[in-house]
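Novice: Here are the chains, one letter per residue:
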Amino acid sequence: MDFRSVRWELEATDRRMLDKRMSATQAMELVHDGDHVAIGGTLYSRTPMALVFALLKTRRRHLTISRPLTCYEAELFYAAGMADRVITSWIGIGLKWGLPQIMRHYVETGQAVYEEWSHLGIGLRYKAGAMGVPFLPALTMLGSDIARTVELREVDCPYTGQRLAALPALNPDVALIHAHRSDIYGNVQVDGYRHMDVDMARAARRVIVSVEQIVSSDEIRALPTTTILPHFAVDAIVEAPFGAYPSECYGLYHADLRHFDEYVNLVKAKGPDGAREYIAEHVDQHDDFAGFLASLPPGTLDDLVAAAKRLAP
Amino acid sequence: MSRQDVTPEEIVAITASRMLADHKVVFAGVGTPLLAAALARRRQAPHLTIVLEGGIIGTRLMPGHLPISTNEMSAAHGAEMLTDVTDIFLFAQRGFFDYGFLGAAQIDKFGNINTSVIGSYAQPRVRLPGSGGANDIISLCNEVLIATVHEPRRFVEKVDFITSPGYLTGEKSREAAGLIFGRVSVVITDLALMDFEPHSRRLRLCAVQRGASVEQVEAATGFELLMADEIGEIDPPSEDELDTYRLLRDGEAAVRRGRAS
Chain E
1 MDFRSVRWEL EATDRRMLDK RMSATQAMEL VHDGDHVAIG GTLYSRTPMA
51 LVFALLKTRR RHLTISRPLT CYEAELFYAA GMADRVITSW IGIGLKWGLP
101 QIMRHYVETG QAVYEEWSHL GIGLRYKAGA MGVPFLPALT MLGSDIARTV
151 ELREVDCPYT GQRLAALPAL NPDVALIHAH RSDIYGNVQV DGYRHMDVDM
201 ARAARRVIVS VEQIVSSDEI RALPTTTILP HFAVDAIVEA PFGAYPSECY
251 GLYHADLRHF DEYVNLVKAK GPDGAREYIA EHVDQHDDFA GFLASLPPGT
301 LDDLVAAAKR LAP
Chain Y
314 MSRQDVTPEE IVAITASRML ADHKVVFAGV GTPLLAAALA RRRQAPHLTI
364 VLEGGIIGTR LMPGHLPIST NEMSAAHGAE MLTDVTDIFL FAQRGFFDYG
414 FLGAAQIDKF GNINTSVIGS YAQPRVRLPG SGGANDIISL CNEVLIATVH
464 EPRRFVEKVD FITSPGYLTG EKSREAAGLI FGRVSVVITD LALMDFEPHS
514 RRLRLCAVQR GASVEQVEAA TGFELLMADE IGEIDPPSED ELDTYRLLRD
564 GEAAVRRGRA S
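Order-wise, the sequence lines are chains E and Y. Okay, so the first sequence: first residue is 1 according to the working numbering, each after it adds one. Okay, so the second sequence: first residue is 314 according to the working numbering, each after it adds one.
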């Protein structure tokens, strides 16, 4: 959608200060077939997994997924037949887990597209979207082959004549974000890393935020410097404790690296069927994300909370 | 482990760490670059500021707790500032970062790096994870060091795909593409130290690791290397460098166990 239409649409949108709480299932009604869905956090840090699982359950079709660095959730969307395209700068979990086999399968066989931009390239695309301008100039991606494989054009600076990459605004249809807390109106606060969440959400046409905890507006006002999104930039609030699991949530719980081991072992053994088995077992079988969390081995979440206490700065 | 068991990765990291001067700012990736930067801080560069792409400025590595990703909370240990991902790269674009520090899956004679595809882009034989921040680091940091193990399959005549631009097709082609800042200064391996000949911008052998020969370096390189007028020799890792490096990588308990055995 053109940046002008995105603006006009926003002006026409109901932005009243209402109680925006809803279930993850209800929130997914804001996502339609063919949408571009941006997923907050980076890699396995503060990924909105409660929302990702709720979206997986819907089996929406022909989605485009975008993220700064993409973890195994991209593979789940490919394997579920939900995503045709992933826009990101990196796909994997980490070097110790090897190359991402499911991504390789879908991309190497031409069944899905991995549209690669640089990390800053993605960041400036969301930022241009958040700023309400059609592009931002930068000195990155120039001369590379990644610049040639995507719709990246160049501009000459009107003041200096310098050649610049013109990174086009990215305005996702929906942004999924996980945060530490918010009030019922959607004033959202985060501790630690902000990743690209602020720009991603402000660029998006609809914003769904899951939070560890819903707090009073007075508690929000007590820590205004941690607020990343004001209520008028948020459409839905979903309370989801441990809603980033198996990702980490800064200061609260560590990532569950053993869960990634299990996933990787499953797809090494069974390929895309392994990823579908993962979805059947961990997503489809449960009514909601709390059900999935309850199915984890006893003590899993306690251990991750204890690890975060040791690791958090 | 003893001195005799020094691994290629250790030689690469320790040699690279010596390149980092005090009071500078280094943008490091996880793995070898981060360990090398942490080692430099423990030795010649106590005021070296380590920056990670998760948005972390001034991280202090906890021995034995090497983060797997630059976006996880353990990577922020001891940090002076946490900002966001885009912002950290904008610091680089402004020119604050003295060194960028990268590894390389595939590198060619002009220092171009491929981490995207083996084979053609349209029908890749292997789709690799992608650029991440590497393209930005090599485009924006003031000086870029590349550190990797020396193997013919890594050092190729021409990379299949330029994910991260070194000197593109040589001579002035990098500047002509609009990349007017930054330069790739050296490539550090377990066999050699190389720079780029100033006119052609082709990879040039400057020094060999002690025990390695020029012929060995040439055999491990899939293209013709230029030769500096004099080929130096690099000192092997010292006892202190190795001990400190292993302490950072494995933690104190593991190092004590190693000494006891």
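Hints are supplied without guarantee of correctness; some may be wrong.
To be verified - Each computed SDA-like pair below joins lysine to any residue, with the alpha-carbon atoms no more than 20 Å apart: (1) E:K309 - Y:G564; (2) Y:K471 - Y:A520; (3) E:K57 - E:A280; (4) E:K309 - Y:G342; (5) E:K96 - Y:K471; (6) E:K96 - Y:R559; (7) E:K309 - Y:R559; (8) E:K309 - Y:G391; (9) Y:K485 - E:R163; (10) E:K96 - Y:P321; (11) E:K96 - Y:K485; (12) E:K57 - E:L223.
Unchecked claim - Residues of chain E placed beyond 12 Å of chain Y at every Cβ, according to the derived structure: (13) Q26; (14) G110; (15) G192; (16) Y193; (17) V198; (18) R221.
Honestly, the hints are just simulated from the structure, not real lab data. Just so we're clear, the structure is a prediction, and the values are computed from it rather than from any experiment. Where a beta carbon is used, it is the ideal one built from N, C-alpha and C, also for glycine.
Novice: Each hint should be assessed against the structure and marked as holding or not.
Specialist: Here's how the hints hold up against the structure:
no., hint, result
1, E:K309 - Y:G564, "holds, 19 Å"
2, Y:K471 - Y:A520, "violated, 23 Å"
3, E:K57 - E:A280, "holds, 9 Å"
4, E:K309 - Y:G342, "violated, 25 Å"
5, E:K96 - Y:K471, "violated, 28 Å"
6, E:K96 - Y:R559, "holds, 19 Å"
7, E:K309 - Y:R559, "violated, 25 Å"
8, E:K309 - Y:G391, "holds, 14 Å"
9, Y:K485 - E:R163, "holds, 15 Å"
10, E:K96 - Y:P321, "holds, 18 Å"
11, E:K96 - Y:K485, "violated, 38 Å"
12, E:K57 - E:L223, "violated, 35 Å"
13, Q26, "holds, 30 Å"
14, G110, "violated, 7 Å"
15, G192, "violated, 6 Å"
16, Y193, "violated, 6 Å"
17, V198, "violated, 7 Å"
18, R221, "holds, 23 Å"
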